[in-house]
Amino acid sequence: MSELAIETSGLTRRFGSLVAVDSVDLQVPKGAVYGYLGLNGAGKTTTIQMLMGFIQPTAGEMSVLGFDPLRQDVALKRAASYVPERVQMYDWMRVREMLWFGANIHPFWDQEFAEHLRARFELPGDRRIGQLSRGMQGKMALTMALAPRPVLVILDDPTAGLDAVVRREFMESIVGILQEAGTTVFFSSHIIDDVERVADWVGILHEGKLIVQKPLEELKTSVKRVVATFPDKAVVIEDGDILQQEGEGRQRAIIWADFDDGKLHKLQAAGATDIKVEDCSLEDIFVAYVRPQAAVAEGRTA
Amino acid sequence: MKALIYKEFRELLAPALVVVLVASVLLLVEYLWGPLVDDQERVLAGVFFMLGAPLLGLVAGSHTLAHERGRRSEAFQGSFPVSRGAIWAAKLCTGLLMLALVYLLLYTAAFATEPEGARAFSRPLPELGTSRLLLHAATTFLVFCLGFCLSGTRRNPFEAAGVGLLAALLLFLFWMFLAADVLPRFFGPQLGIFYNTPSFSTPAILATILGLGLLVASGYGYIASLPLAYSKRLWRTTIAGAILCLAIIPAFFVGVRCLGEPGPEDVGWGACAEVSPDGEWVMFYDHRAFYRSYRPPRRLWRMRPDGSELKCLARQPVEFAVWLPDSKRVFVSWGDRDADFHFLPRTYLQWDWLIDVADGKTTSLPALEYVEDETPQFSPQGTYMSYGASLVRLRPQPVLLEMQLPQKATVVGWEEDESGIYFSYSKNDRLTLARTELPSGSPLGRVVAQGPEEAESVELSPHARWVVWGTRLTRPANAVATLENLGSGARLEVAGWPAGRAWSPDEQYVWMQTNGRRIAVVDLAHLRVIREFGTSDFSGEETLPWRHWSLDGKRVTLTTHKVVRDNTKYRRDEITEWGPIHVWVTNANGSGLRRIAETAMTNFTDFYIGGWTADGQIIVTVEKRKIISIDPDTGVQTDILTSSVPPENSEAEGRY
Numbered sequence: 001m002s003e004l005a006i007e008t009s010g011l012t013r014r015f016g017s018l019v020a021v022d023s024v025d026l027q028v029p030k031g032a033v034y035g036y037l038g039l040n041g042a043g044k045t046t047t048i049q050m051l052m053g054f055i056q057p058t059a060g061e062m063s064v065l066g067f068d069p070l071r072q073d074v075a076l077k078r079a080a081s082y083v084p085e086r087v088q089m090y091d092w093m094r095v096r097e098m099l100w101f102g103a104n105i106h107p108f109w110d111q112e113f114a115e116h117l118r119a120r121f122e123l124p125g126d127r128r129i130g131q132l133s134r135g136m137q138g139k140m141a142l143t144m145a146l147a148p149r150p151v152l153v154i155l156d157d158p159t160a161g162l163d164a165v166v167r168r169e170f171m172e173s174i175v176g177i178l179q180e181a182g183t184t185v186f187f188s189s190h191i192i193d194d195v196e197r198v199a200d201w202v203g204i205l206h207e208g209k210l211i212v213q214k215p216l217e218e219l220k221t222s223v224k225r226v227v228a229t230f231p232d233k234a235v236v237i238e239d240g241d242i243l244q245q246e247g248e249g250r251q252r253a254i255i256w257a258d259f260d261d262g263k264l265h266k267l268q269a270a271g272a273t274d275i276k277v278e279d280c281s282l283e284d285i286f287v288a289y290v291r292p293q294a295a296v297a298e299g300r301t302a
Numbered sequence: 303m304k305a306l307i308y309k310e311f312r313e314l315l316a317p318a319l320v321v322v323l324v325a326s327v328l329l330l331v332e333y334l335w336g337p338l339v340d341d342q343e344r345v346l347a348g349v350f351f352m353l354g355a356p357l358l359g360l361v362a363g364s365h366t367l368a369h370e371r372g373r374r375s376e377a378f379q380g381s382f383p384v385s386r387g388a389i390w391a392a393k394l395c396t397g398l399l400m401l402a403l404v405y406l407l408l409y410t411a412a413f414a415t416e417p418e419g420a421r422a423f424s425r426p427l428p429e430l431g432t433s434r435l436l437l438h439a440a441t442t443f444l445v446f447c448l449g450f451c452l453s454g455t456r457r458n459p460f461e462a463a464g465v466g467l468l469a470a471l472l473l474f475l476f477w478m479f480l481a482a483d484v485l486p487r488f489f490g491p492q493l494g495i496f497y498n499t500p501s502f503s504t505p506a507i508l509a510t511i512l513g514l515g516l517l518v519a520s521g522y523g524y525i526a527s528l529p530l531a532y533s534k535r536l537w538r539t540t541i542a543g544a545i546l547c548l549a550i551i552p553a554f555f556v557g558v559r560c561l562g563e564p565g566p567e568d569v570g571w572g573a574c575a576e577v578s579p580d581g582e583w584v585m586f587y588d589h590r591a592f593y594r595s596y597r598p599p600r601r602l603w604r605m606r607p608d609g610s611e612l613k614c615l616a617r618q619p620v621e622f623a624v625w626l627p628d629s630k631r632v633f634v635s636w637g638d639r640d641a642d643f644h645f646l647p648r649t650y651l652q653w654d655w656l657i658d659v660a661d662g663k664t665t666s667l668p669a670l671e672y673v674e675d676e677t678p679q680f681s682p683q684g685t686y687m688s689y690g691a692s693l694v695r696l697r698p699q700p701v702l703l704e705m706q707l708p709q710k711a712t713v714v715g716w717e718e719d720e721s722g723i724y725f726s727y728s729k730n731d732r733l734t735l736a737r738t739e740l741p742s743g744s745p746l747g748r749v750v751a752q753g754p755e756e757a758e759s760v761e762l763s764p765h766a767r768w769v770v771w772g773t774r775l776t777r778p779a780n781a782v783a784t785l786e787n788l789g790s791g792a793r794l795e796v797a798g799w800p801a802g803r804a805w806s807p808d809e810q811y812v813w814m815q816t817n818g819r820r821i822a823v824v825d826l827a828h829l830r831v832i833r834e835f836g837t838s839d840f841s842g843e844e845t846l847p848w849r850h851w852s853l854d855g856k857r858v859t860l861t862t863h864k865v866v867r868d869n870t871k872y873r874r875d876e877i878t879e880w881g882p883i884h885v886w887v888t889n890a891n892g893s894g895l896r897r898i899a900e901t902a903m904t905n906f907t908d909f910y911i912g913g914w915t916a917d918g919q920i921i922v923t924v925e926k927r928k929i930i931s932i933d934p935d936t937g938v939q940t941d942i943l944t945s946s947v948p949p950e951n952s953e954a955e956g957r958y
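Taken in order, these protein sequences are the chains called D and B. Mapping of the first sequence onto my numbering: position 61 corresponds to residue 61, and the numbering continues sequentially without gaps. Mapping of the second sequence onto my numbering: position 74 corresponds to residue 376, and the numbering continues sequentially without gaps.
Don't read these hints as lab results, they were simulated from the structure. Built from N, CA and C at the ideal position, the CB exists for glycine as well. One should not assume that every hint holds.
Partial selection, computed: residues in chain D whose CB lies under 10 angstroms from chain B [to be verified]:
no., residue
1, 54
2, 74
3, 106
4, 110
Only chain D is shown next, with the shape it has when bound in the complex:
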C-alpha cells in the first residue's frame, strides 16, 4: 500500500507550443496538507485538472489514491473531493436543497456531518446560494466537499477573489475541520500566507516545472539568508544552491538553499566577515525560487 495519496511521474501537458506542465513528479503523502504554490499561470490548475481526470496529460503517469484518474474518474471522485477555483454552484438552490442534492449524488455522504459543518460555518439553510457572500459560498463549497468524508480533498485556489479578512477566516476554518477529519489536502494557491498558515508540505511550481517539493519545516530550515561583508566588491561566490544575491557593495545578502557548514566555510575562505545566518520566511523562499534567473544573475554579478 503506497504511503502517497498523489503520485505523478513526468506529468506533462502541452497546449500547442505552450508547455503548461513540464515533467512534474508530485509526491503527496497521505495525511499531509500540501500547498501547491505558484505564480498565476504557473500550471497549478492544469495539474489539478489532470489529477481529477478532466484533461488528459500529454505525457507522464499519475495515480491518485491508487486510481487512474482518466479511467477510474467516478471511483476517484467518490473517494476524493474537489473544489474548483472560484466555484460556482447552482445559484437558485437553497443551502438545504444543495445539501439534499449532495446527499443524493455522493454515495458516502454523511448528512450529520454536513449539518454539523453547516452549523459551524453558520450557513443559513433557507438562503439561496446566489444570495450568499463569496466567503459563505466558499464555505458552502467546502461543506459539499467534506460531507462525503473524503480521503483526499483537492482545492484549486480556494481563497481566490476573497478579501483578506474573509480569506483568513476561510483558511482557519479549513485548518480546524481538517485537524478533526485527518484528511489529506492538496491545495493550490499563489498566496504564500495561506500556505504557510495551513500547509505542512509545500511544492513550488514555476513555469510548469516543480522546482521544489519538501515538508514546510524542512524547507524553512534548509533555506537561509546569509548577510556577509567581503573585502572587495569584486569577489564572486559561485554555488548552484544560491537562489538569490542582493547588494551592490562589499556587503551582500545571499539566500542559499540547503545551507550547511560547508557553505559557511566557503564564505569564510572567500574572506567574508561579519557573517550572519538568518531564517527565511516562506515568502522569501518563494520569491527567491521564482525570481527570473536573469535577475538572479544580475544580482550575482553586481
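Please arrange chain B on chain D, whose structure you already have, making use of the hints.
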C-alpha cells in the same frame, strides 16, 4: 441520477412555464376569435411552429454543457462522482420529458378550448410505413444529439453559437436534401418525408407575432430578473440552440396520421365512388377522418356495384385515380403537392402506378414532373397515356416517349385506332389543333383546325369527330362555344362558355352548359340545339355541372340543388343558402325529365355521382360518405357501403 434530474427539471421549469403561458394566451386568442372558418386559419399550427424553436433551443442549446460552462458551474458539476454519460443522459431525458409535458399540457388546453381546432396539431401525413417511421425517428434523434453535442462542447458560448449555426445550416440542407429529394427519387414516396409549413392568414400572423413578442419579453424578463437562471449567456446558447433546432422542427412537425375510430360525424368511409367504363367495377377512396386544414390521406378500394368483392387496391395514400379505357386497370398518382417546404429549389415529382383491378398487381410508371390540375388521358385501347405534355407508351412496358411536343402544347385527344394524337397549342396567336402520328411522328404535327379568334379552350369529342372551341368575348356571360365537325368543318355556335359537356357514347348528342345556368342539348347529326333546360324545368333549382350518360346511351343523369342568391348591389349573386341536392334522369334527347332522388346533402364535400353500372343503376356517394345505388326507374336507393370502418380482412395486397 435522481438529484441530477431534479436539478435539470428545476432549471427547465421556468422556460417551459413561459412557453405554456404564451401558448395559452395564443389559444385564448384563437378561442375568442371564434371557430375556424377556412383552411387558412391555422393559429395553432403557428403557435407550435413559433414555440418549437425556443423550446427545443432551451433543451438542445442552453441546458447543455455549454450552459454549465457559461455560468461556470461546469467545474462544480465535474466534481460529482457520476460519469459524464449519466450527466448527459439526465439532461437529455429531462429535456425530452419536459418537452412531452409541455406538449401534453398544450394539447389538453387545445382540446378543452376547441376539439376541432386541436386536430390541426396532428397534421396528417400520408400513412407512415415502418421504415419511414424508423428513418424519421433515427434522423431526428441524430440531429438532436449532434446539435446537443456541438453546442455543449465548445469552450466559449460565441464559438458554440457559431458552430451550432453552421452545423444547423449544413444539417438542415443535408436533411432536407436527403429526406425530401433524394430518398423519394430512389425509393419512391414511402421513404420520403414531406414537410408542411403552416399557411398564415392575417389573424394567425397577428396572433403569432403577439405570441412571439410575449415569449421574448416574458422569457427575457424572467431570466434577467429572477435568480433561477439569470445568466444572460443563457440566451446566447439558447439562440444557437434554437437555430440549430430549425433542423429538427420540420421533422418535429411531421405527424403520423391518427387512425383512431371515426367520430359520430364519420359514419361511412367511402368517397368519390367512380364506376368503371364497362360498368362492372366501382372504385372509391376511404376517408377515415376529415381534417380541415389538410386534404385527408386516402386509400383506394374497389368493389362490384352490389358491394361484393371489396378489396383495397392501394394502401399508400392516393392523390387521385383514373380508370383506364379497358376497365381492367386503374391509373394511380401520388404527388408531393402538399410538400411546400423545401429548402432547395426542386422539381416536384409524382409517382404513378397502374393497378390491375382484378388482382391488385401494380406497375410503376416513369417518374414525371409535377403536372398541376391535370388528369391523364388514355388512348382508346389504353396503349398510350398523355399527361401534360408527356407521352407514355404503356404496352408492353411503360416507357416515356421522347416526343417533345411544342411548348405549352396540351394533348386533347386520340385517333380511335391509336394511329395519331391531337394536341393544341398557340400558333400565330390562334389556338390551333394539330395531329401527329404515333409513336414517332413530327413533334409539330399537322394543323387540323384553328379556333375562332380569341378562342381560349379546345376540347375533342371521345371519338375525335368533333371539336368544341370556347371563346370568351368580354365576360363569361358573353362567351361562345363553337362546335366544329373535324371532317366537314361544319360549325355551330352556342351562347355561353362550354362548361360541363357530356358526349353521348355514339356522339349523336352533346349536353353542355349555356348562358344563365341553362343546359343545351345539341343534336350533332343535324347540328342544332334541340332542347334547352332552365331553372324552371327543375322546380326553380340550379343545375350542377355533372351529367352522366348511361352505358347504352339512352339516358342521362343531371344534378340540381336549390340555392338562394343575393342579387343586391355589390353582392354579385353571392349564394347565401344551399338547398338539398336532387338527381334527375332524362332520355338522350332531353325528353322524359323526372326527379328520381333527393339527398340531404347541402354541400358538395361528399356528394359525387360515380356513373352508370352495366345493369343500369346509378352509383352515388352521399352524405356521411355512404355509397348508394339508385334505380333510375323507381328511384329506390340501395345502400352499398355503410359500415363505419373498413372490414378487418380487406387490407391491400398491393406493395407500394
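Could you work out which of the previously given hints the structure breaks and list their numbers from low to high? Of the numbered hints, just 4 does not hold.
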